[in-house]
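> So you can see what is in the structure, the chains are spelled out below.
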Amino acid sequence: MRSDGRLLRGAVLAAVGAGLLAPIALGLWETLRPAFGVLPALGRTAWSLEPWAELAALPGVRTSLMLTLWTGIGSTVLSLLLALGAAAALYDRIGGGRGGRWLTPFLAIPHAAMAVGLAFVLAPSGWLARLLAEPLGWTRPPDIASVNDPWGLALMIGLMIKEIPFLLLVILAALGQLPVRRHMAMGRALGYGRGIVWIKVIVPQLWPLIRLPVWVVLSYALSNVDMALVLGPSTPPVLAVAVMRWFTDPDITMLLPASAGAILQAGVVLAGVALFRAAELAAARLGRWWLRRGGRGLSFEPGLVLARGLVLALLATGALAMLSLAVWSVAWRWSFPHVLPESWSAKPWQMAERGWREVLGNTLLLALASVGVSLALAVAWLEGEDRARRGRAGWAEALIYLPLLLPQIGFLYGLNVVFLRLGVGGTTLAVIWAQALFVFPYVMITLSDPWRALDPRLVNAAAALGASPLRRLWAVKLPVLLHPIATAAAIGVAVSVAQYLPTLFMGAGRVPTLTTEAVTLSSGADRRIVGVYATLQAALPFAAYGLAFLIPALLHRNRADLRGTA
Amino acid sequence: MSLRLEALEIVGPGGALFRPLSLEVARGTVVTVMGPSGVGKSTLLDAIGGHLAHGFRARGRVVLNGRDVTGIAPERRRIGLMFQDALLFPHLSVGDNLAFGLPPSVRGRAARAARVDQALEDAGLAGFGDRDPASLSGGQRARAALMRTLLAAPDALLLDEPFSKLDAGLRDELRSFTRSHVETARIPALLVTHDPEDAAAMGGGVVQLGA
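Top to bottom, those sequences are chains F and Y.
Using the numbering used here, you'd call the opening residue of the first sequence number 7 and step up by one each time.
Using the numbering used here, you'd call the opening residue of the second sequence number 43 and step up by one each time.
Taking CB as the label site, the calculated pair distances span:
hint, chain 1, residue 1, chain 2, residue 2, range
1, F, Gly397, Y, Pro146, 30 to 36 Å
2, F, Asp567, Y, Gly252, 36 to 42 Å
3, F, Gly23, Y, Ala168, 54 to 60 Å
4, Y, Gly97, F, Leu27, 23 to 29 Å
5, F, Ala325, Y, Ala95, 43 to 49 Å
6, F, Asp567, Y, Ala153, 28 to 34 Å
7, F, Leu27, Y, Gly252, 47 to 53 Å
8, Y, Ser206, F, Asp567, 19 to 25 Å
9, F, Ala399, Y, Gly252, 33 to 39 Å
10, Y, Gly97, F, Pro185, 24 to 30 Å
11, Y, Ser206, F, Leu27, 45 to 51 Å
Only pairs whose alpha carbons sit at most 20 Å apart, straight line, appear in this in silico EDC-like list of lysine to aspartate or glutamate:
hint, chain 1, residue 1, chain 2, residue 2
12, Y, Lys207, F, Asp461
13, F, Lys483, F, Asp567
14, F, Lys483, Y, Asp127
15, Y, Lys207, F, Asp567
16, F, Lys483, Y, Glu117
If you are wondering where the hints come from, they were derived from the structure by calculation, not from laboratory data.
For clarity, every value in this text was computed on a predicted model and none was experimentally measured.
Glycine included, each C-beta is placed from N, C-alpha and C at the ideal position.
Kindly produce the complete structure, drawing on both the sequences and the hints.
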């Protein structure tokens, strides 16, 4: 029995090490070498700081860096504050897990599709301007850069619309583990206002539970490429976009400063996380002093109301953005300032049909393969923990989060070098592999809690009836956990479909997906065609979530104890 | 032919849970182990059944029908389990739950279905085969769980406060139901409980578990 568990755990460890850790470590290494002057393909074999000097001399690099810090840290701090405020204001109504359901569309939609939709809404000729046109008497789109603005405000709005729902979900899940109602009652009975109890009592308990997801949000906001391409400033763009452009520059000597930029990007994320950690420690110190003063301060209520209002406004904008994708994809004539298309047609779909069919096929294949691999590995990992009858070590937990904390651009170029050396560069296999690096952590994180929440006595009962470990897994655990497994798979599909940079870098442009096409087309192509691709891109995760809800509901329609568990 | 514990003790992260325990349960009888809550009664059953969690170690021997089962995997010990929650598998119908326990040596769909139907009838659950376990009452669930355990033809039975969640009338009914089935199956059974009435109703010996 014990040896079986050991074998399985050894296999999982080997798979995670060779499949997950090694590619990331080697990718980093192969980016680090050209960043310090070593690029044998160009005859450079000596270590030097020259690429860094070249990087510093590139036009716009300083502005890019400032833009990255401003949009990344700004959007994360605002998202966190708004999500915390909204959770405090809404907890009574949407608390207890079930409330998170209405957030699902915002979580499911890929970043790029949301960005395209937001561009449709926010652009000078977008939906918002059309809605304002009549009352303000506009006949032509206003002459303001409301998208791709040099301050990166449109990008920040886009990031916040995607990250606030994620943080809200994480916060609501964490609140479920805390005695919020009793602490709230206790605090208010001691004379503290609702907002103050939230800040002084609940948030300090909450923070350790949401720290890692907040870091993931920060890392993403500092290093995302697809949203920044669609919504962000373009000359100069944020650092990650600039680095991507240098990597794909026809002049291959640009690889050297590009690699230095990639390492700089990794440093920026590291510094961002360090900054958050330092702020946390400082807040803990100051907070204790503040707590000891015992101020009852009843004045935070307006802040909570404001947070709730802003979150609802952002989410409404996001909903409008999703809707606009579908509307544009079936619009035919739609001139400014009409609020709705003057004529509707399926022609955009027909015109682009040959294109989207192939690309949809690619996207589906990548999603199924990367989710299949990730799910199998996650189940093997969790089953290994069960058979060893032990929980997860801290280092293993950190390992799972690693791919989400590192900026993708920091190691994807190097990973491509490694894949080329292995002879799989530019193939579908390479793209599946690279996507699985990011799908697996989300699948694992989603599945871990429900898996551990399964009553071990149920499994013991099966063992006592003579069921072997394999039969306990197949006949008891997997069916009982069908709903969380399906949910994890749906989240995996959403993550896979959303991958832009790994698909682009590993596929060498030969494996187009809905995401790469939507992002490419978004700069300048016909809005109706962009609408078709972005609608499909959003539809895939929605369909996955729908199936994740329907399949268990159908299979377990007559099983009351399995309904409503997720 | 019996279940025998020889100086069995369990060492957890905080040291030994209770003094080494030796006892013998003859076939067809129920021995009751009593002790205050938290002393490790459930953990004792985990050790006998082979379900100890990580961090716990058993010392001593568990001997079943002359066979030392101490180091054997739980599914090969042939020791059945009953909890206070019936723990029917929530994804299977009542009938499929019983069929889960039925050994594969009973071959043929008709033969297996007949055995399950017979067991359901014995438990006063005739016609309940297709039902969702969640739709059963507490007493019905407990009886179904006992039949599932007995269909696996165990060599011994462990009962972990199986009556404590039932109301008084049902408790009496289920005690005699359990006792009569243990006698019919002619297997040794070990019951842990903190209710002296359980011990009295089972008629076997009583052992106090002490720290």
